[in-house]
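Novice: Using the hints, position chain B against chain A.
Here are the chains, one letter per residue:
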Amino acid sequence: MEYELSRIQRERFDEISKLAVRLAEVEKSFGPRPALAGANFSLEWGEVHALLGENGAGKSTLMNVLAGFYTADAGILEVDGEAARFETPAAAADAGIGMVHQHFKLVGPLSVLENLRLACARRAGWRSKAEALRAMETLGKELGFRLDPSARVDEMAVSDQQKLEIMKVLLAGARILVLDEPTAVLTEQEAQSALGLARSLARSGRAVVLITHKLRDVLGFSDRVTVMRAGRTIIDGAASEGMTAASLSEAMVGGAPVTELPPPSGSRHFKPEMLRVKALCAPASAHGVALAKIDFSVQGGEIFGIAGIGGNGQAELVEALIGVRALTSGAVLFDGVDMPPSPEARRERGLRYIPADRMGMGLFGELPLNVNISLPRLLGGGAEKKWLVTKSWMNGLARDAISQFEVAGAQVDLPARLLSGGNAQKLMLAREFTGGMEILIAHSPTRGLDIRAVQAVQTRLRAAAASGCAVLLISEDLDEIMQLSDRVAVMSHGRMSPAENVAAVDRARIGRLMLEMH
Amino acid sequence: MMELFTAWVGSIPAFAAPFLLATAGLIINERAGVMNLGAEGVMAMAAVTSVLMEMAGHGTALALLSGIGAGLGLAAIFGIMAVFLRVDQVLAGLVAFALGIGVSGFLGDGSENQTVNGISPPPGSDFAFLPKLLAGVLDQDWLTWFAFFAAIAVWFIIERTDLGLRLRAVGEDAPAADAAGVNVALYRFGAVLAGGVLCAIAGAHLSLVGAHIWVDGMVAGRGWIAVAMVTLSRWNALRAIAAALLFGAIQALVPQLLSSGMNVPVYFIQMSPYLATLAYLLIAGLFAKGADAQPADLGRPYLREERR
Chain A
1 MEYELSRIQR ERFDEISKLA VRLAEVEKSF GPRPALAGAN FSLEWGEVHA
51 LLGENGAGKS TLMNVLAGFY TADAGILEVD GEAARFETPA AAADAGIGMV
101 HQHFKLVGPL SVLENLRLAC ARRAGWRSKA EALRAMETLG KELGFRLDPS
151 ARVDEMAVSD QQKLEIMKVL LAGARILVLD EPTAVLTEQE AQSALGLARS
201 LARSGRAVVL ITHKLRDVLG FSDRVTVMRA GRTIIDGAAS EGMTAASLSE
251 AMVGGAPVTE LPPPSGSRHF KPEMLRVKAL CAPASAHGVA LAKIDFSVQG
301 GEIFGIAGIG GNGQAELVEA LIGVRALTSG AVLFDGVDMP PSPEARRERG
351 LRYIPADRMG MGLFGELPLN VNISLPRLLG GGAEKKWLVT KSWMNGLARD
401 AISQFEVAGA QVDLPARLLS GGNAQKLMLA REFTGGMEIL IAHSPTRGLD
451 IRAVQAVQTR LRAAAASGCA VLLISEDLDE IMQLSDRVAV MSHGRMSPAE
501 NVAAVDRARI GRLMLEMH
Chain B
1 MMELFTAWVG SIPAFAAPFL LATAGLIINE RAGVMNLGAE GVMAMAAVTS
51 VLMEMAGHGT ALALLSGIGA GLGLAAIFGI MAVFLRVDQV LAGLVAFALG
101 IGVSGFLGDG SENQTVNGIS PPPGSDFAFL PKLLAGVLDQ DWLTWFAFFA
151 AIAVWFIIER TDLGLRLRAV GEDAPAADAA GVNVALYRFG AVLAGGVLCA
201 IAGAHLSLVG AHIWVDGMVA GRGWIAVAMV TLSRWNALRA IAAALLFGAI
251 QALVPQLLSS GMNVPVYFIQ MSPYLATLAY LLIAGLFAKG ADAQPADLGR
301 PYLREERR
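Protein sequence lines, in the order shown, are assigned to chains A and B. Heads up: the first sequence begins at 1 in the working numbering, then just goes up one per residue. Heads up: the second sequence begins at 1 in the working numbering, then just goes up one per residue.
Okay, chain A solo, but in the shape it has when bound:
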């Protein structure tokens, strides 16, 4: 009798068991900098809960604590009402937590089935390949899609890899799903269906966390929202209904709300055609696609946008343009004459390049800022050939760049890898925006940046075009393409659709072109 719960206790119990996850006052530091400074988060069964914040706000770190990838320095973690502490991802998975990371945790050279067996065999209790296949089939039916079990993962489309990741965590027994920026790499249609999938998973009794910095994901697809800023929780699990884009972005950024980038002011003057690509064919890179007869031209003062899902030949096209990939046929003309073949000579002719992989191909991560800024100027394009390089000359260049491009938290002798994504990109821009710039190729220039950094970069791209430069913008972010470009084309399977005026195109059709133009 004495074990019977009182009414109040029972209500309290119901309330607790409704909660799938409770994180309270969580702290975590990497080195001296706190990534989480007392973050709170709660997740109910059956809901899609959006976790919103800028880059570095701590949302991924917090979820990594939940999923056992990081251990918290302090704070409370409860799963299904019970205190927990996960030292490993395996321990978190045992408690029913599965995380789909932004960078998928799949073993590329292995097949779909091998990846599933690797991650799920023990937990799902499969003793044979056939059992694994059956489980995969059954789940595929529930989720409404099918994957080829023998396909090599690194040869699959990104959206299929994401589906495999979701399958993987579900087959491993996850009831609490954390999706880290699931729509970042998808087309419009794919994103809609991924978000719909998240919703139906929640409705089937699971709980889903949606880490995102897209307001649309929050307003359209989540039940509740938590907003983080600088390692703290600003809005703790408010109903998404009744939220507006303005209130959310204010909570995210703090202080004055960030306004949309204004439309280009005044009338635009296009100079004659500066860059022309004629029937360009080039071989594929490893796991890439070959380019088949690419044709387009960019005028001075114009931003030419190339939309498309990554891996459809964008990387090959950029490499062919900057001179590191040999053409099989076709030509790249600059002001009507053939481009010189070497990358150095192209730089000298005025070509500038912002690579998609800013730490890999762009900056020298281990080298200090002053070297990063000055080295390319010595190699041509900047016209400062000198044989003796003094520290004061390098520091002067670096100081100018830091102040002019507002690189925060930077000193001239700081290794570039210690900059945050946004500041690294500003440094990259400062390096490329030197005298004599005539053609600018920007490949995914705002990927992974927070709102303010995105605006800073986009404003610079506009400024480059306004100064008469021919700007080629290659991006997977359709919003960005539509917002910045004057004309737009779509790349798919190494081909390019005819260019169209941006005012005349319709988003849905572009989305279809991304997927269908085989």
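Since the hints were made in silico from the structure, they are not lab data. Errors might be hidden in some of the hints.
[Said to hold, decoys possible] Below, a sample of chain B positions facing chain A; criterion: calculated Cβ distance under 7 Å:
#1 ALA128
#2 GLY164
#3 LEU165
#4 ASP173
#5 GLY181
#6 ALA185
Each residue gets a CB set at the ideal place from its N, CA and C atoms; glycine is no exception.
Specialist: Structure of chain B alone, referenced to chain A:
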């Protein structure tokens, strides 16, 4: 001439076996993502220890086991450095190499050139009913036979079993394997130990089967050739059998040509394995095919909370 040929062919498997054992061992290492340059040292440790134990009157079986133990000890030192302390794998491998060569020279000082029974093929032929050439190939001691079965077993385990799947996952993408619930450090250390056992048997084979003595420096670069042979066989233990037979055939030529009294410069013959390695690496470099099969996380230490 025909007799010379028969003798040569019959001696190939025993010459190939140490290469094969060491290569199979290193394939286990590298498929798990660990580059082990210490094979030469491990082989030397095992070679000297097994001869010393046999000289002390402990019998061949115990001699072989203690050789394996000595090699395993050195492999474990390498593994602790490379896997748990995340020392640069090239450096840790060179430390294991230098340590093995140095300690084996020290241990074997004064016991060089003393013959032991070791392991020999059974007297008489078990395959006398077969043609002479074939019987010659099949009449091998049991440790040589073991080498070939071990290579097949390594291939089967890596390519066909659950254990192998985990091992490959750790070598191809350690963070993904970790996320899938595989203990990366444990699998890597296990691979280092298993590989160390095979490298140690390779060393014991050199002294117990091949030479029946210990001479300082007798491993003579075979551990290094095995490192190159991993690439040559593109991380596949079955292809390693073919590669080992090729190198074994070249090495087996040396005694045959010398005994035939043919007038070939000795140093030229002795350098032939290295020439073959060099030739292969040149050809492989020109056609750049080998990189395809290379485990993507080879040589990259893994620590979870590291932000990459």
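Novice: All the hints need checking, so say for each whether the structure fits it.
Specialist: Status of the hints after comparison with the structure:
The interface hint given for B/ALA128 is violated, since its Cβ lies 45 Å from the closest Cβ of chain A, which is over the 7 Å cut-off. Taking 7 Å as the C-beta cut-off, the interface hint given for B/GLY164 is violated, the closest approach to chain A being about 10 Å. With 7 Å as the threshold, the beta carbon of B/LEU165 comes within range of chain A, its nearest partner Cβ sitting at about 6 Å, so the hint holds. The criterion of a C-beta within 7 Å of any C-beta in chain A is met by B/ASP173, whose closest approach is roughly 5 Å, and the hint holds.
The restraint placing B/GLY181 at the interface with chain A holds, with a minimum CB-CB distance near 4 Å, inside the 7 Å limit. Given hint, B/ALA185 at the interface with chain A, is violated; its Cβ is 11 Å from that chain's nearest Cβ, farther than 7 Å.
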